[in-house]
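So the chains spell out like this:
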Amino acid sequence: MTHEVRPDFKYTASHEWLKIKGKHGVVGITDHAQAELTDIVFVELPQVGKQVKKGEELCVVESVKSVSEIYAPVSGKIVQVNKKLEDTPDTINKSPYDDGWLVELEIAQNSEVTTLLDAEAYKKITK
Amino acid sequence: MVLKSPLYNIHKKLGARFVEFAGFEMPVQFSSIMDEHLTVRKAVGLFDVSHMSNTWITGKDALKLLSLTAVEDAARVPVGKSQYTVILRENGTIIDDTIYMRLPDKIMMIPNAGMAEIVTSWLNTQAKKHHLDAQATNVSKDFVILAVQGPKSRETLQKLMKENLSALQFFGCMYADIAGVRCILSHTGYTGELGYELQITPTSKAEKVFNAIVDAGKEYGIKPIGLGARDTLRLEKCFMLAGNEFAGGRTPLEATLGWTIFWDHEFIGKPALVKQKEAGTFQRMTCLECTDKGIPRHGCEIHKDGKKVGIVTSGTLSPCLNTGIAMGYVDPACREVGTVLEIMVRDKPVKAKVIKPPFVPKDWAQKNS
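So the protein lines, in turn, are chains Y and A. Counted the way our numbering counts, the first sequence spans residues 67 to 193. Counted the way our numbering counts, the second sequence spans residues 10 to 378.
Treat the hints with care, since some could be wrong.
Claimed, not checked - Facing chain Y, from chain A, some residues (calculated, C-beta under 8 angstroms): (1) Thr-325; (2) Pro-328; (3) Thr-332.
As the list claims (entries may be wrong) - The calculated label-pair distances, taken between Cβ atoms and stated as ranges, are: (4) Ala-342/A <-> Lys-150/Y: 40 to 46 angstroms; (5) Arg-26/A <-> Ile-86/Y: 29 to 35 angstroms; (6) Ile-364/A <-> Lys-87/Y: 44 to 50 angstroms; (7) Ser-132/Y <-> Lys-69/A: 47 to 53 angstroms; (8) Asn-377/A <-> His-90/Y: 41 to 47 angstroms; (9) Gly-89/A <-> Lys-150/Y: 51 to 57 angstroms; (10) Ile-364/A <-> Glu-172/Y: 41 to 47 angstroms; (11) Asp-372/A <-> Lys-160/Y: 27 to 33 angstroms; (12) Ser-132/Y <-> Ala-342/A: 41 to 47 angstroms.
Stated by the list, open to error - Computed list of lysine-lysine pairs in DSS-like fashion (alpha-carbon distance at most 25 angstroms, straight line): (13) Lys-279/A <-> Lys-73/A; (14) Lys-150/Y <-> Lys-357/A; (15) Lys-217/A <-> Lys-13/A; (16) Lys-150/Y <-> Lys-360/A; (17) Lys-51/A <-> Lys-371/A; (18) Lys-313/A <-> Lys-357/A; (19) Lys-227/A <-> Lys-214/A; (20) Lys-13/A <-> Lys-214/A; (21) Lys-137/A <-> Lys-116/Y; (22) Lys-51/A <-> Lys-376/A; (23) Lys-189/Y <-> Lys-85/Y; (24) Lys-214/A <-> Lys-115/A; (25) Lys-143/Y <-> Lys-193/Y; (26) Lys-160/Y <-> Lys-316/A; (27) Lys-150/Y <-> Lys-302/A; (28) Lys-21/A <-> Lys-138/A; (29) Lys-116/Y <-> Lys-149/Y; (30) Lys-119/Y <-> Lys-149/Y; (31) Lys-357/A <-> Lys-143/Y; (32) Lys-120/Y <-> Lys-357/A; (33) Lys-69/A <-> Lys-22/A; (34) Lys-365/A <-> Lys-302/A; (35) Lys-149/Y <-> Lys-302/A; (36) Lys-51/A <-> Lys-193/Y; (37) Lys-21/A <-> Lys-119/Y; (38) Lys-376/A <-> Lys-227/A; (39) Lys-357/A <-> Lys-149/Y; (40) Lys-279/A <-> Lys-302/A.
The hints are simulated quantities; they were obtained by calculation from the structure and are not laboratory data. Owing to the predicted nature of the structure, the values given are computational and were not obtained by experimental measurement. Beta carbons: idealized from backbone N, C-alpha and C, even for Gly.
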């Protein structure tokens, strides 16, 4: 089965996506990742205002049987979290790139963005 | 070496994802754990549980050997009955929990996955030590085990056999031809629903039975079910999983399996249990339903007033209740029904209430259809 990859997003090899919004970046998990996890039943979101470093744990997503750490694709300060996921975590399954976003970051260093995978490179690793 | 079920290729065709469990590569899920779980609660599901073990208990002292090595007196188990019991070490801790079936000609025991060698060698050692004419023979690789579970399981299987399935009582066992294949059939399961388990040998005939059950169950919406839903189904009913609930050495009294013990006979481990019972100060299996959001997992600490009072052995989100549920060992003073405890999930307390088992009652599906 082929999963959607958004052409204008950036990706990590650990299946997070980053959408650039000016100085901010929105983070979520990819369609491939949600399909692998199936039935997402719980999301533990971080505190707004928290500083995270690239590669550090950003939040936790749980399916019935698994606990998955989601890593920050870039360093930055968390400015917003998707509170809706606390009541409807399966939004991530239904809409991984839109309504199922996880957090919005204020990007600390633009140079980190260029180290991420583009859509073509991400497609290759999930083949 | 990782073993595969003889039905591996069928599972693959049905879209299974696999997981390694007790040395077997078995399906963990087909559609999704949620979907499979609710299919079993509301309709019928088909499980391949060939990772479980098969051991023949034979010889003229077979019943004596079982009485000696298990907490039930096998002399009380009539032909045609399956018996759930536990096998203990001298110190009273559980080696394995198991079901044995008293068939007309011999006895088949079903040790847990990966336990066949340990259990057969323990039984044979005890037979020799006590001069009993009895043998345990591990025949796990000769059998496929299927479980048909759910409110529509009886109707599904009845289509494939001549005998009246309604006449087989709960925990009854018999030989039966199912889809023309001789099976050992028992009215047992690990889901808390109406259900049956089939032992099939030779394994080459299992595919025919599997496919016939899929066809017979089609009108009820039968689905193949993986080990993921098997675990959530048993947890909602507070059934023990040996590898989780007995790890590290737990006695049947600690595991709240006291009801399985027939005290009026001698068995290995009995003196240790008598001593423990008299002392009465041990942790016991306790079922906790979360009132906060959060999902308890194996190994989470259980706290009361900031102090550790227990440990979670199994935890999950309950697909039926949509809340976190956990089983674990808790200090005797903290486990009265209704007591609120805290389960530490990633260092954060999640409030949970002690409940009287099970989490999901028998009539759940009728009330939630």
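Hint-by-hint comparison with the structure:
{"no.": "1", "hint": "Thr-325", "result": "holds (6 angstroms)"}
{"no.": "2", "hint": "Pro-328", "result": "holds (7 angstroms)"}
{"no.": "3", "hint": "Thr-332", "result": "violated (10 angstroms)"}
{"no.": "4", "hint": "Ala-342/A <-> Lys-150/Y: 40 to 46 angstroms", "result": "holds (41 angstroms)"}
{"no.": "5", "hint": "Arg-26/A <-> Ile-86/Y: 29 to 35 angstroms", "result": "holds (34 angstroms)"}
{"no.": "6", "hint": "Ile-364/A <-> Lys-87/Y: 44 to 50 angstroms", "result": "holds (46 angstroms)"}
{"no.": "7", "hint": "Ser-132/Y <-> Lys-69/A: 47 to 53 angstroms", "result": "holds (50 angstroms)"}
{"no.": "8", "hint": "Asn-377/A <-> His-90/Y: 41 to 47 angstroms", "result": "holds (43 angstroms)"}
{"no.": "9", "hint": "Gly-89/A <-> Lys-150/Y: 51 to 57 angstroms", "result": "holds (56 angstroms)"}
{"no.": "10", "hint": "Ile-364/A <-> Glu-172/Y: 41 to 47 angstroms", "result": "holds (45 angstroms)"}
{"no.": "11", "hint": "Asp-372/A <-> Lys-160/Y: 27 to 33 angstroms", "result": "holds (31 angstroms)"}
{"no.": "12", "hint": "Ser-132/Y <-> Ala-342/A: 41 to 47 angstroms", "result": "violated (34 angstroms)"}
{"no.": "13", "hint": "Lys-279/A <-> Lys-73/A", "result": "holds (16 angstroms)"}
{"no.": "14", "hint": "Lys-150/Y <-> Lys-357/A", "result": "holds (21 angstroms)"}
{"no.": "15", "hint": "Lys-217/A <-> Lys-13/A", "result": "holds (18 angstroms)"}
{"no.": "16", "hint": "Lys-150/Y <-> Lys-360/A", "result": "holds (22 angstroms)"}
{"no.": "17", "hint": "Lys-51/A <-> Lys-371/A", "result": "holds (11 angstroms)"}
{"no.": "18", "hint": "Lys-313/A <-> Lys-357/A", "result": "holds (13 angstroms)"}
{"no.": "19", "hint": "Lys-227/A <-> Lys-214/A", "result": "holds (21 angstroms)"}
{"no.": "20", "hint": "Lys-13/A <-> Lys-214/A", "result": "holds (16 angstroms)"}
{"no.": "21", "hint": "Lys-137/A <-> Lys-116/Y", "result": "violated (66 angstroms)"}
{"no.": "22", "hint": "Lys-51/A <-> Lys-376/A", "result": "holds (10 angstroms)"}
{"no.": "23", "hint": "Lys-189/Y <-> Lys-85/Y", "result": "holds (16 angstroms)"}
{"no.": "24", "hint": "Lys-214/A <-> Lys-115/A", "result": "holds (22 angstroms)"}
{"no.": "25", "hint": "Lys-143/Y <-> Lys-193/Y", "result": "violated (33 angstroms)"}
{"no.": "26", "hint": "Lys-160/Y <-> Lys-316/A", "result": "violated (41 angstroms)"}
{"no.": "27", "hint": "Lys-150/Y <-> Lys-302/A", "result": "holds (14 angstroms)"}
{"no.": "28", "hint": "Lys-21/A <-> Lys-138/A", "result": "violated (46 angstroms)"}
{"no.": "29", "hint": "Lys-116/Y <-> Lys-149/Y", "result": "holds (16 angstroms)"}
{"no.": "30", "hint": "Lys-119/Y <-> Lys-149/Y", "result": "holds (22 angstroms)"}
{"no.": "31", "hint": "Lys-357/A <-> Lys-143/Y", "result": "holds (22 angstroms)"}
{"no.": "32", "hint": "Lys-120/Y <-> Lys-357/A", "result": "holds (24 angstroms)"}
{"no.": "33", "hint": "Lys-69/A <-> Lys-22/A", "result": "violated (45 angstroms)"}
{"no.": "34", "hint": "Lys-365/A <-> Lys-302/A", "result": "holds (20 angstroms)"}
{"no.": "35", "hint": "Lys-149/Y <-> Lys-302/A", "result": "holds (14 angstroms)"}
{"no.": "36", "hint": "Lys-51/A <-> Lys-193/Y", "result": "violated (37 angstroms)"}
{"no.": "37", "hint": "Lys-21/A <-> Lys-119/Y", "result": "violated (41 angstroms)"}
{"no.": "38", "hint": "Lys-376/A <-> Lys-227/A", "result": "holds (24 angstroms)"}
{"no.": "39", "hint": "Lys-357/A <-> Lys-149/Y", "result": "holds (18 angstroms)"}
{"no.": "40", "hint": "Lys-279/A <-> Lys-302/A", "result": "violated (42 angstroms)"}
In summary, the structure is inconsistent with hints 3, 12, 21, 25, 26, 28, 33, 36, 37, 40 from the numbered list given earlier, while agreeing with the others.
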